[in-house]
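Enquirer: Each chain, written out:
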Amino acid sequence: MLPMSLLSIIELLAVIATAAYGILLAVRKEMDVVGLFTVASAVAFGGGTLRDLFLDRQPLFWIANPHLPLVVLVLALVSGFLPWLLKWMERYLLLPDALGMGLFTVVGTQYALDAGSPWFICAILGAITGSFGGVIGDILCNEVPSLFRPAPLNATCSFSGAWIYMLASEFGPQGISASVIGVLVVFLFRLAAVRWNVQLPAVRFQPGD
Amino acid sequence: MLPMSLLSIIELLAVIATAAYGILLAVRKEMDVVGLFTVASAVAFGGGTLRDLFLDRQPLFWIANPHLPLVVLVLALVSGFLPWLLKWMERYLLLPDALGMGLFTVVGTQYALDAGSPWFICAILGAITGSFGGVIGDILCNEVPSLFRPAPLNATCSFSGAWIYMLASEFGPQGISASVIGVLVVFLFRLAAVRWNVQLPAVRFQPGD
Amino acid sequence: MLPMSLLSIIELLAVIATAAYGILLAVRKEMDVVGLFTVASAVAFGGGTLRDLFLDRQPLFWIANPHLPLVVLVLALVSGFLPWLLKWMERYLLLPDALGMGLFTVVGTQYALDAGSPWFICAILGAITGSFGGVIGDILCNEVPSLFRPAPLNATCSFSGAWIYMLASEFGPQGISASVIGVLVVFLFRLAAVRWNVQLPAVRFQPGD
Numbered sequence: 001m002l003p004m005s006l007l008s009i010i011e012l013l014a015v016i017a018t019a020a021y022g023i024l025l026a027v028r029k030e031m032d033v034v035g036l037f038t039v040a041s042a043v044a045f046g047g048g049t050l051r052d053l054f055l056d057r058q059p060l061f062w063i064a065n066p067h068l069p070l071v072v073l074v075l076a077l078v079s080g081f082l083p084w085l086l087k088w089m090e091r092y093l094l095l096p097d098a099l100g101m102g103l104f105t106v107v108g109t110q111y112a113l114d115a116g117s118p119w120f121i122c123a124i125l126g127a128i129t130g131s132f133g134g135v136i137g138d139i140l141c142n143e144v145p146s147l148f149r150p151a152p153l154n155a156t157c158s159f160s161g162a163w164i165y166m167l168a169s170e171f172g173p174q175g176i177s178a179s180v181i182g183v184l185v186v187f188l189f190r191l192a193a194v195r196w197n198v199q200l201p202a203v204r205f206q207p208g209d
Numbered sequence: 001m002l003p004m005s006l007l008s009i010i011e012l013l014a015v016i017a018t019a020a021y022g023i024l025l026a027v028r029k030e031m032d033v034v035g036l037f038t039v040a041s042a043v044a045f046g047g048g049t050l051r052d053l054f055l056d057r058q059p060l061f062w063i064a065n066p067h068l069p070l071v072v073l074v075l076a077l078v079s080g081f082l083p084w085l086l087k088w089m090e091r092y093l094l095l096p097d098a099l100g101m102g103l104f105t106v107v108g109t110q111y112a113l114d115a116g117s118p119w120f121i122c123a124i125l126g127a128i129t130g131s132f133g134g135v136i137g138d139i140l141c142n143e144v145p146s147l148f149r150p151a152p153l154n155a156t157c158s159f160s161g162a163w164i165y166m167l168a169s170e171f172g173p174q175g176i177s178a179s180v181i182g183v184l185v186v187f188l189f190r191l192a193a194v195r196w197n198v199q200l201p202a203v204r205f206q207p208g209d
Numbered sequence: 001m002l003p004m005s006l007l008s009i010i011e012l013l014a015v016i017a018t019a020a021y022g023i024l025l026a027v028r029k030e031m032d033v034v035g036l037f038t039v040a041s042a043v044a045f046g047g048g049t050l051r052d053l054f055l056d057r058q059p060l061f062w063i064a065n066p067h068l069p070l071v072v073l074v075l076a077l078v079s080g081f082l083p084w085l086l087k088w089m090e091r092y093l094l095l096p097d098a099l100g101m102g103l104f105t106v107v108g109t110q111y112a113l114d115a116g117s118p119w120f121i122c123a124i125l126g127a128i129t130g131s132f133g134g135v136i137g138d139i140l141c142n143e144v145p146s147l148f149r150p151a152p153l154n155a156t157c158s159f160s161g162a163w164i165y166m167l168a169s170e171f172g173p174q175g176i177s178a179s180v181i182g183v184l185v186v187f188l189f190r191l192a193a194v195r196w197n198v199q200l201p202a203v204r205f206q207p208g209d
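Chains as they are written, first to last, in our numbering: chain P, 1 to 209; chain H, 1 to 209; chain E, 1 to 209.
In isolation and in its complexed conformation, chain P is listed as follows (with noise of 0.2 Å):
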């Protein structure tokens, strides 16, 4: 794995960009502190929480790391002052958030190689960590989960990218870390659909329609 003081930047940049995103999502419903504080913990920790509670995984992630949690909340009450500041963020928070959807998965994906699943439960799992916090954030934002409409790739690279990270566990060669390739094939993979809109087409019963 990565060395444990990188991965806790990398995972606290992840907890900020993912929280920022639920936070905007929540002004938009001209929600209040609470609705903020909420939606940006479901957006951040949801994907997370749902592959513990699967997983029966105790303590919860965010429960045994409570500044996670914390830094959260000082962000909500932030922008509950100070709104315009996470509008300004929201053009820098691609990178931080791409590199976390990484990072989750591969932490996902690892987590539900341990408990002894197998690999496409694995996949899912990992898919789960990465990219389904936003899935509960529209939820209680009321809101048809953007994740299922045609939009840049986002559980797709999740998924793949747990794949890749089993195989280089599995086959990859001495010495090259297969969490590394994990989280930048994530990472790459997520930052190619957004520059060039890569989308899943929507399905629908007759073409054209």
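Incorrect hints may appear among the rest.
Which copy? The list can't say, so a pair holds if one copy fits it or any two copies do.
[Said to hold, decoys possible] With a straight-line Cα cutoff of 25 Å, these simulated SDA-like cross-link-like pairs (lysine to any residue) come out:
id: 1; residue 1: 29; residue 2: 193
id: 2; residue 1: 29; residue 2: 91
id: 3; residue 1: 87; residue 2: 77
id: 4; residue 1: 29; residue 2: 204
id: 5; residue 1: 29; residue 2: 82
id: 6; residue 1: 87; residue 2: 206
id: 7; residue 1: 29; residue 2: 71
id: 8; residue 1: 87; residue 2: 202
id: 9; residue 1: 87; residue 2: 201
id: 10; residue 1: 29; residue 2: 152
id: 11; residue 1: 87; residue 2: 50
id: 12; residue 1: 87; residue 2: 204
id: 13; residue 1: 29; residue 2: 156
id: 14; residue 1: 29; residue 2: 174
id: 15; residue 1: 29; residue 2: 198
id: 16; residue 1: 29; residue 2: 201
id: 17; residue 1: 29; residue 2: 73
id: 18; residue 1: 29; residue 2: 205
id: 19; residue 1: 87; residue 2: 149
id: 20; residue 1: 87; residue 2: 144
id: 21; residue 1: 87; residue 2: 174
It should be emphasised that the hints constitute simulated quantities derived from the structure, not laboratory data.
Place chains H and E on chain P using the hints.
Expert: Then chains H and E, alone, in the frame of chain P:
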């Protein structure tokens, strides 16, 4: 209980039927294949997942049976290319769905009995297993759950069947399988409710509102 | 703690009051009795269920206390026939609801303390137990959760009361029950917020939007 191989076949048919309902729901919302797979999984596995989480059963049944989500993924991918196939399938879904509702109800009720829960709780967990997948699917699609609105009886069939199953287990004559009775009661009750459009009325503050 | 029998009475009143709010919500959506029971259960038990799942407490409190969902079922059935009864009850719901919010907050906070969680996490789990049932009820009704929108303070009362309870437990003078203080603080804070309509403002990108 029923013989294992017959059980597996009913289970597989039920997963396909419920997943197909989920895909139909997702296509109506113009989702992409990620949405189709997730909503289909939610409808097929949501009720059983809630039951497993509520009763702390590990591993979750779809993690222990990874061929089930794999079948759902294949169905979602095929539907992504041939959505009319699903629409054509729709007319044949009632029977496997009703049979699956019977099976899931009996299994869920028995798991709750195994956990030592009182009968009323067992009937609720049977009904959750048998009919709550659709609720989670509807929430993912940003719809008021159809299970809660007037429509042919659904959760009511599960809930009643769970009681019949428990009564038959406790007081039924030797040599008659309570499971078979439970599954059949739910199955026939559901078919009758659809055939004669038996509904619970909407509750209104003023009659005739 | 408070004497057991008084605790049970407050708990029962709180479940009835929160379930009644859920039923009122469900009737506005023209649901049938299945919907009334489910939404009422979600509002009454949703916060405590999230807490039990997050802390891995087994069995869930409503499975261990099956008389509580039974009371909710009776209330839903009665409301199905006499919905005006609920509307008439509405004016009397504030007191038992606020008292229940106090009780649930203190119980949830204490359970998190028992699990060895840090104080900040305990306050969050107290607030989830005290006020998140309504969020799940709103989601089941396809509404933006009212807890996140400007309205008389709700989760804020729980969150503050949880801190007061922990401070009183740790530093309070001998012979004064921290539980009584915690419940009373939440109760009075909530009543005051409703009485004088104390709200958190909606956050907007532009002031005055």
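Enquirer: Treating 25 Å as the Cα threshold, decide for residue 87 and residue 201: within, between, both or neither.
Expert: For residue 87 and residue 201, only the inter-copy Cα distance (19 Å) is at most 25 Å; the intra-copy one is 29 Å.
Enquirer: First find the shortest C-alpha distance between residue 29 and residue 201 inside one copy, then the shortest across copies, and answer within, between, both or neither for a cut-off of 25 Å.
Expert: between (27 Å within a copy, 13 Å between copies)
Enquirer: What label fits residue 29 with residue 174 when the C-alpha limit is 25 Å: within, between, both, or neither?
Expert: This pair counts as neither: shortest intra-copy Cα distance 50 Å, inter-copy 47 Å.
Enquirer: When no copy is named, should residue 29 and residue 204 be tagged within, between, both, or neither for a Cα gap of at most 25 Å?
Expert: between (29 Å within a copy, 9 Å between copies)
Enquirer: Between copies, within a copy, both or neither: which fits residue 29 and residue 205 at Cα up to 25 Å?
Expert: Cα proximity of residue 29 and residue 205: across copies only (11 Å, versus 32 Å in one copy).
Enquirer: As a check of your reading, is residue 87 near residue 174 (CA-CA no more than 25 Å) within one copy, between copies, both or neither?
Expert: neither (44 Å within a copy, 50 Å between copies)
Enquirer: Please work out whether the CA atoms of residue 87 and residue 149 approach to 25 Å or closer within one copy, between two copies, in both situations, or in neither?
Expert: Result: close both inside a copy and across copies, 23 Å intra and 20 Å inter.
Enquirer: Evaluate residue 29 and residue 193 at a C-alpha cut-off of 25 Å and name the case that applies: within, between, both or neither.
Expert: Classified as between; 23 Å across copies, 27 Å inside a copy.
Enquirer: Is it within, between, both, or neither for residue 87 and residue 77, if the alpha carbons may be no more than 25 Å apart?
Expert: Within one copy only: 15 Å inside a chain, 37 Å across chains, cut-off 25 Å.
Enquirer: How would you label the pair residue 29, residue 198 (within, between, both, or neither) given a Cα cut-off of 25 Å?
Expert: Between copies only: 20 Å across, 28 Å inside.
Enquirer: Is it within a copy, between copies, both, or neither that the alpha carbon of residue 87 lies no farther than 25 Å from that of residue 206?
Expert: For residue 87 and residue 206, the Cα distance is within 25 Å only across copies (10 Å; inside one copy 39 Å).
Enquirer: Within, between, both or neither: how does the pair residue 87, residue 202 come out at a Cα-Cα threshold of 25 Å?
Expert: between (29 Å within a copy, 16 Å between copies)
Of the numbered hints listed earlier, those contradicted by the structure are 11, 14 and 21.
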